[in-house]
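> Quick note: the sequence shown uses the working numbering, first residue 162, plus one each step.
Calculated from the structure, these hints are not laboratory results. Be careful, since some hints might not be right.
What the hints assert, rightly or not - Derived DMTMM-like pairs: lysine to aspartate or glutamate, alpha-carbon spacing no greater than 25 angstroms straight-line: (1) K614 - D222; (2) K268 - D222; (3) K213 - E195; (4) K564 - D222.
What the hints assert, rightly or not - Computed spacing ranges between beta-carbons, pair by pair: (5) Q197 - W383: 38 to 44 angstroms; (6) E173 - D449: 49 to 55 angstroms; (7) Y433 - K564: 23 to 29 angstroms.
In this text, a Cβ means the ideal position worked out from N, Cα and C, and glycines have one as well.
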Amino acid sequence: MKTKELRKLQDELLSKVNREYQEWYDHISSWRSEVQQEVKKLRDPVKTGDIKVDLVKENTDFERATFLLDDIDVEFVTEDGVIASKQVKDLKNSYRFDFIDTDRKSKQDGIIIDNCNYGIAVEIMDIYDEDENQPMSVLVNPDACIPDPKCTDGSEMRFFWYSRKVLAYKLEESDIYDLQGLIISDMWEDENLRMSNDARDNYTLITSNEGYVDVYEHYTMWKGMKYLTTWVNNRSTMIRAVELAPLTKAEELNPMKCKFNVIFHRRKPFPYRWAGYRVMEEVGNEQDIITQLKNLELEQARISAHWPDLYINAGLGVEQGKLSKLKKWGRIIPVDLPAGQNMQQQMYEKNYAGNTNLSSVSAQWLYDRTQRNTHYTDLTGGISPTGQQTKGEIQQLQQNANKFIAWVSSNYMKWERDFTFLWYRMYQEYMPANGKKIIALFDKGGMSRTLRKSEFITDGKLIINVTSANQQRIRDEKAVTKLLALSKTIIPNLKSEYSMNVFMRTLVSKSGIEGVEGETLIPKSYDENLALSRVEMINNNVEVMSDPEPGEDLETHLDIYYKCLDTKSRKSILDKYNKALIKKKELMPTMPQGADGQGANLAQNLMMQQSNPNTQPVWAM
């Protein structure tokens, strides 16, 4: 947007954006103050000689260890239902490459830490690296964000603010901001602020003494469209305005359905509140009291370990100061004795009789309470449970903990799906049509491939499913057990080589074998490759002129064509192959062509391995 147009839009939006800013500030200021105090408290150093029971850190570290070691499994499905779509495979490979290339794991670590401290992590996806042909995201401090107070769902927000500090020279070097003709703000006269020297002749840019600029990013709605605007000089001057582009048919019909490039990650969502539960909310009070009790125990232990107290008859006239120099630990306590009473030869020692048991019991009760609040027990942390629990009770505790972990994991996965959606949209909007992207194919021995936009970005609607790899692994193990149990019944009733291959590929995939290894184990047959090569033609209603050839596996072709889109081309080719099957007069044997070969042998080997875990797996033979 040109400077003149930018200044005109600025004049129109200035009062609106400042009103929205103030609306948030009044609404969320108490939450902001509360979490800032909590975070400050977490960072306070421990007093010399004291101990600090840090349950917040314990729980945060547990979540980091649990969920960072859990890989993310992302599946892409196009609405046209293309079988084994090459586009979808390239898209998944691109996601895997970007995940590693941008060090997504480190970003996820920050997301978990922010969630534990603030109850929410805020990720912004509004940067596209043209050099790398790659979307980039940043985490912003939750207490520097300004959400819509009337909407906690990121997809339905009316506006969203966040602030950040940017070095002035980086703003000046960037080609996405218009810094010409900036309005002069009175704030530059403040002794704590200065004007950028390089910019004086053309504009005024307020910077801090360290050379940073307070930048305010503001998503808002204006005249039926959604905008991302950037402001400086205490939110008085706009330096960027981007109209969010409609990319789907639904968005073209209604641009208000465009989503802001903002992802809210919430470990434990709280209804009607933009932030979820913080770890401090769950264990903070107990942590403080346990710390006090443990320091009381420590002080009692110190006293008990010192020399005993010395009681002395004050009437002896002994100078207490001289005795204190001789006595390193313990107290010297003068006692006034009534006439005629004897105090064990006028002087005696008495050991400290403190009782630490009560504080220990109280601390343990509070610690048990925190475990009930968080569901993170000694058992889930790899520590053997104390007490007299039976094996059944321990198993029940583990099952309950696993359910909780699965729930929190599903929340993290939900927001990761939102990230993946915005990652995909950035490619849709910003990658040039003739641009090239080089990716490494990690499932093919590190081979690389150059992709054009059309090879991994589809025009149709994309369905994204994100799951926990650990949770998926548990489900896969159960599926393998069921498939092996049913294989004796299923295999004899498979009528085509393709159906046999699909069954075996499912079994192999859920056994953890993917990529090149899986493709090598169950390669595509000639008929399968031929039928799959026609899928795109059929889905685009292009007539397949070829008739069935003698010797073709007709059932394989029919199984694949039945899964295509309902087009005239599909009806035509189904008619050809059904007629050919009728003319064949002889039904296929109960055992399919490949059933007594590789597929059956693999199934038998897997069943043997299931019954004998020490059996060498088939893929190792």
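> Hints first: check each against the structure and report whether it holds.
A quick look at each hint next to the structure:
1. Distance check on the hinted pair: K614 and D222 sit about 40 angstroms apart at the alpha-carbon level, beyond 25 angstroms; violated.
2. For a cut-off of 25 angstroms, the pair hint linking K268 to D222 stands: about 15 angstroms separates their Cα positions.
3. Between K213 and E195, the direct Cα distance comes to roughly 21 angstroms. Compliance with the 25 angstroms bound is thereby established for this hinted pair.
4. As the CA atoms of K564 and D222 are separated by approximately 19 angstroms, the hinted pair is consistent with the 25 angstroms bound.
5. The supplied range of 38 to 44 angstroms is broken by Q197 and W383, whose beta-carbon atoms lie about 32 angstroms from each other.
6. Between E173 and D449 the Cβ separation comes to about 51 angstroms, which falls inside the hinted range of 49 to 55 angstroms.
7. Checked against the hint of 23 to 29 angstroms, the pair Y433 and K564 passes, with Cβ atoms roughly 25 angstroms apart.
Checked against the numbered hints given earlier, this structure breaks hints 1, 5; the rest are met.
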